[in-house]
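So the sequences go chain by chain: A and B.
So in my numbering, the last spot in the first sequence is 240, and the numbers never skip.
So in my numbering, the last spot in the second sequence is 218, and the numbers never skip.
I should point out that these hints are in silico values taken from the structure, not numbers from a laboratory.
Hints are not guaranteed to be accurate.
Said to hold, decoys possible - Covered stretches of chain A (chain B as the covering partner; in silico rule of three or more C-beta atoms under 8 Å from a C-beta of chain B):
(1) 117-131
(2) 144-152
To be verified - Computed cross-link-like contacts, DSSO-like style, restricted to lysine-lysine with a CA-CA straight-line distance of at most 27 Å:
(3) A:K60 with B:K56
(4) B:K181 with B:K56
(5) B:K104 with B:K129
(6) A:K151 with B:K129
(7) B:K181 with B:K104
(8) A:K151 with B:K104
(9) B:K181 with B:K97
(10) B:K214 with B:K7
(11) B:K130 with B:K181
(12) B:K97 with A:K151
(13) B:K129 with B:K97
(14) B:K130 with A:K151
(15) B:K181 with B:K7
What the hints assert, rightly or not - Short derived list, chain B residues pointing at chain A, Cβ under 7 Å:
(16) V62
(17) R78
(18) G107
(19) G125
(20) K129
In this text, a Cβ means the ideal position worked out from N, Cα and C, and glycines have one as well.
Here are the chains, one letter per residue:
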Amino acid sequence: MQSILEGFAAAFRLIVTGNPELWRIILLSLEVSGTALILATVLGLPVGACLAMRRVPVKGLVISLLNTGMGLPPVAAGLFLYLFLSRSGPLGFMGLLYTPTAMIIVQCILAFPIVASLSHAAIANVDPVIRQAAVTLGATPIQESLAVVKEARYSIMAGVMAGLGRVMAEVGAIIIVGGNIAGYTRVMTTTIALETDKGNFELAIALGIILLTISFSITVALRFFQRLGRTGTSAASWA
Amino acid sequence: MGLELKIAHVFRSYNGNPILRDCSFGFASGRTYVLQGPNGSGKSTLFRALALLEKPDRGRVEYRDGGRILAADLELRRRITLVLPSTGIFNTTVFKNVAYGLKIRGVTGADREARVNDALAAVGLAHKKWHRASELSSGETKRLGIARAMVINPEVLMLDEPTANIDPANTAIIESIILKMRQERSATILMITHDPAQAERLGDDLLFMQEGKIIPA
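With these hints in hand, go ahead and build the complete structure from the sequences.
Structure below.
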């Protein structure tokens, strides 16, 4: 018990004094996960929108694949990407293995089905009368689609936050393709795993606290967007 | 001369159930037509065909301008509008709802704001300009739907049950808005109601719909 308390005290000291290593790890984590999420949103939102609003061949199969992808085991994603990026793999010539770029790609692979699938559900749930209203007011097909997507914006944001929650907490895939190299590909989750193995709990606990704070913030943001989507009330009235 | 509207031998079925059956009629420009008829007689289906929301299975929906038949394209769609019975209000402010039709037409700045303000004043919602549309009552939502249509100055304005399921006070307000539009604008107004007295009050021409056909009352 004493050692746990000492660990927490040391962790708080690291956070309060702004330990440079701690901050480097946090910033790299945010950079990798943030970039992965932006890419997953840029790719996933149009896919979800097309599935919800357009006639797409084998739509049911695509939706089933996306739903399966939502539960894709991260280590499996990491393994497959490793096989592609390894020196003998088809993309080995790119030299991306054990780089932050590889970590971004694998996190994007994990977040994409979540963003696409939840965007599809959000847009498909918009009342069809919204699309009809846009048409009767003179919208072009693109303006009509944008009106529907805009109507689903809060639920889409909730999907994006769910994607962020998944990639921020991920460890298995990025350790396989990133290699957990100090100062280069070491992020919060992989550092926690490594430092716990080594018995250095101060940095692990400090990062654990930061990670929990980020997870809590994501949950609060998720609830905020879900509430906005349900009630349509303004952000100012939400408390 | 405004838009003239003619339908000829229009048929429309849903799942094999015939709704419009050889429906034909000509609507003169600038008049107010009030359509009545029992539920399921095809009134809303007819309006959706007239608003170019749905294509008929057979027959023609023709808009003419100066005798010339117009193509059913975006240009024509922007000269007509339909206020749906459940108005399809966007989840944003009252102002942005009304501004939508102008925004997608590229109307910007002070012109857009002035036109939105005028439309909101005309339906008595100026004081709720910055409210969320979802916070409006059903009567106010119906009025918002009308403001959203009025602001784009349609040449043909279709109102599908604009006073259904609202209280007498809001019904009176909407009736006065329609009467004012009749007096001040040259638009052709087509409206559906189940209230014969209201039809008498508002319509130049009363029509009855039965078994998918229009019958002059």
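Which numbered hints does this structure break?
4, 16, 18, 19 and 20
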